[in-house]
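For chain V, the structure is supplied; the task is to place chain Z on it using the hints.
2 protein chains.
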Amino acid sequence: MRHKGEPDIIASLASMYKDMVPSGFTGIGDDCAVLPFSGEESLVITTDMLTEDSHFLRNKISPFQLGYKSLAVNLSDVCSMGASPVCTFLSVALDRDAANGWIDDFNEGYYKLSSRYNVPLLGGDTTCSPRGITINVTAIGKVNNKHLKLRSSALPGDKIVVCDTLGDSAAGLKIIRSGKENLSAPYRILTDKHLMPAPCIEKGIWLGTRTEVHAMMDISDGIAKDLRQILACSNTGARIYTHHLPLSPELQQVCQIENWNPTELALCGGEDYSLLFTVAEAKYETLQKTYYQKFQEPLSVIGEITVPGKGIEWYDEQGKQNRDYMGFTHFSSL
Amino acid sequence: MRHKGEPDIIASLASMYKDMVPSGFTGIGDDCAVLPFSGEESLVITTDMLTEDSHFLRNKISPFQLGYKSLAVNLSDVCSMGASPVCTFLSVALDRDAANGWIDDFNEGYYKLSSRYNVPLLGGDTTCSPRGITINVTAIGKVNNKHLKLRSSALPGDKIVVCDTLGDSAAGLKIIRSGKENLSAPYRILTDKHLMPAPCIEKGIWLGTRTEVHAMMDISDGIAKDLRQILACSNTGARIYTHHLPLSPELQQVCQIENWNPTELALCGGEDYSLLFTVAEAKYETLQKTYYQKFQEPLSVIGEITVPGKGIEWYDEQGKQNRDYMGFTHFSSL
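Those sequence lines, one after another, are chains V and Z. The C-terminal position of the first sequence is numbered 334 in my numbering, with every residue numbered one higher than the one before it. The C-terminal position of the second sequence is numbered 334 in my numbering, with every residue numbered one higher than the one before it.
The hints are simulated quantities; they were obtained by calculation from the structure and are not laboratory data. Computed from a predicted structure; not experimentally measured. A couple of the hints might just be wrong.
Said to hold, decoys possible - List time: in silico DSBU-like cross-link candidates among lysine-lysine, alpha-carbon distance up to 30 Å:
#1 V:Lys-146 with Z:Lys-142
#2 Z:Lys-112 with V:Lys-112
#3 V:Lys-142 with Z:Lys-142
What the hints assert, rightly or not - Covered stretches of chain Z, going by a simulated chain V footprint (3 or more residues, C-beta under 8 Å):
#4 7-20
#5 118-124
Quick reminder that beta carbons are idealized off the backbone N, C-alpha and C, glycines included.
Chain V with its partners taken away, still in its complex shape (with noise of 0.2 Å):
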């Protein structure tokens, strides 16, 4: 279950059904459920619903964009645990106005990164509604159980990694919400990254392979929220060194001229839907080589795991800071 919900309610949830799931099975509380399927194998399976007005704003993202960002995020779920994407379903309420051409984009958008992966929409569900656009899709992956990551495999002493650049779809968002996404290149790149994000599906598949990478996640609600999964699933506490955020260029020379702080960006924006991982200190100098060489970009060590009991640290090049970052929660009240 994606914990971008209300916190009492899944833990209530969580409570209730404790006693009733099946030795092997994981419930509530990781990015997917994992179900074992065969002596070797386990299904994992996530479901994630968008809302208009409260996900997504109807005037400021194309069908298609949204076909495609729909699915992407539920990939994302799937190879953050180490998995391989084997299906989706797909179900969408509609209104009138968006009956005829509108889902006909939806669709393609939504094909375009099936086909990508070859992953099949085996099903779903399209009924009308006067109240607007609902979307829900549930995905399921395949994982060998060895190489299925958890949030709650954490150790003291694991440096904290992760892929690509943070807080690229959140200075995204702000520029769409500014109506400044089309002023020149580095604005585009950001609000692209924002309505059609690449899910780290081959990383999260790799990453699954490695023994020496423990925790995993994907990066949904910003690492100040994320991380915070990670922490509490593994009983540990953090320390992030906030000047070695991983900050792709086009994000510093918008926060430059618009007076914005990549530095909150990166750590409460969110929906960059990249890797937060933790990896055994000893092996990470030929991980990250050996990633370099398969996927020619770099990867980020921004923190290490700690001793239960401390939360996140937060330090600078000044040393340790006197303040805590929060993490992302989508914009209800639009």
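What follows is chain Z alone, placed relative to chain V:
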């Protein structure tokens, strides 16, 4: 994929993904998708979206009833394939009015049916929305491949059989919409059947084990519409005897008082969530005796499967009728 969506959209998606569906998988077109699980077993997966003012009216169904019903309609799909439910996933979008007590009662209703059949909720998404309540359930079941029942297995000469009575839920909806739900016992019984339908879990699983049962599906949109799915998938026609439809005493009583047509409610009304299946003629007598011993309820033969190209021919006591019946579509214009 449940066929209550726009037929054109479903046909277009089925065609887009046709070549991507791996061998041994069943995609869009039955109550559930089918995924090979082990050599002998398959998983069946279904998903359904319920939207406010289209599938339910907030002031006409209690949150407890809606939670129960949201799960019931999905378990009904699973069991109509002959499968046993394994687990479910629940996404709910809530507005501010539903954020507190409403969702707790909804979750209690969902839990009530989950615990009755020991089907754990393993994940989902709880999110807020300014546009009212939307619910999406994904249900997963498991079935021995020999017991899997598809819509495509009806054979000419098969008897067409239903469990339970037909039309009660549709009458219940009519009663609710006319504000008469508290009038007297038969009215309350019919509205209860609409608000908290009992899915045929044990019956579906048991019928799955019987080789003389050929095609099977659940009745969600009225048999006038649902039976056409079996005919299209099996490339057959059908003859239906409208005077053999099983009607409850409550339905007959209320229809007499209100001057409603019980045959039309039984054929065209939706949401019965009983089972519609076809049986090899020579083995029907034994099947219905064994069924009665097991469930203390009769089965009802309502017609026969005929050769292709005939569509549905409707008969009553006077012989062949010169008319057609259509099924149920959710009340989208409310």
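Outcome of the hint check:
no.: 1; hint: V:Lys-146 with Z:Lys-142; result: holds, 24 Å
no.: 2; hint: Z:Lys-112 with V:Lys-112; result: violated, 40 Å
no.: 3; hint: V:Lys-142 with Z:Lys-142; result: holds, 17 Å
no.: 4; hint: 7-20; result: holds (count 7)
no.: 5; hint: 118-124; result: holds (count 7)
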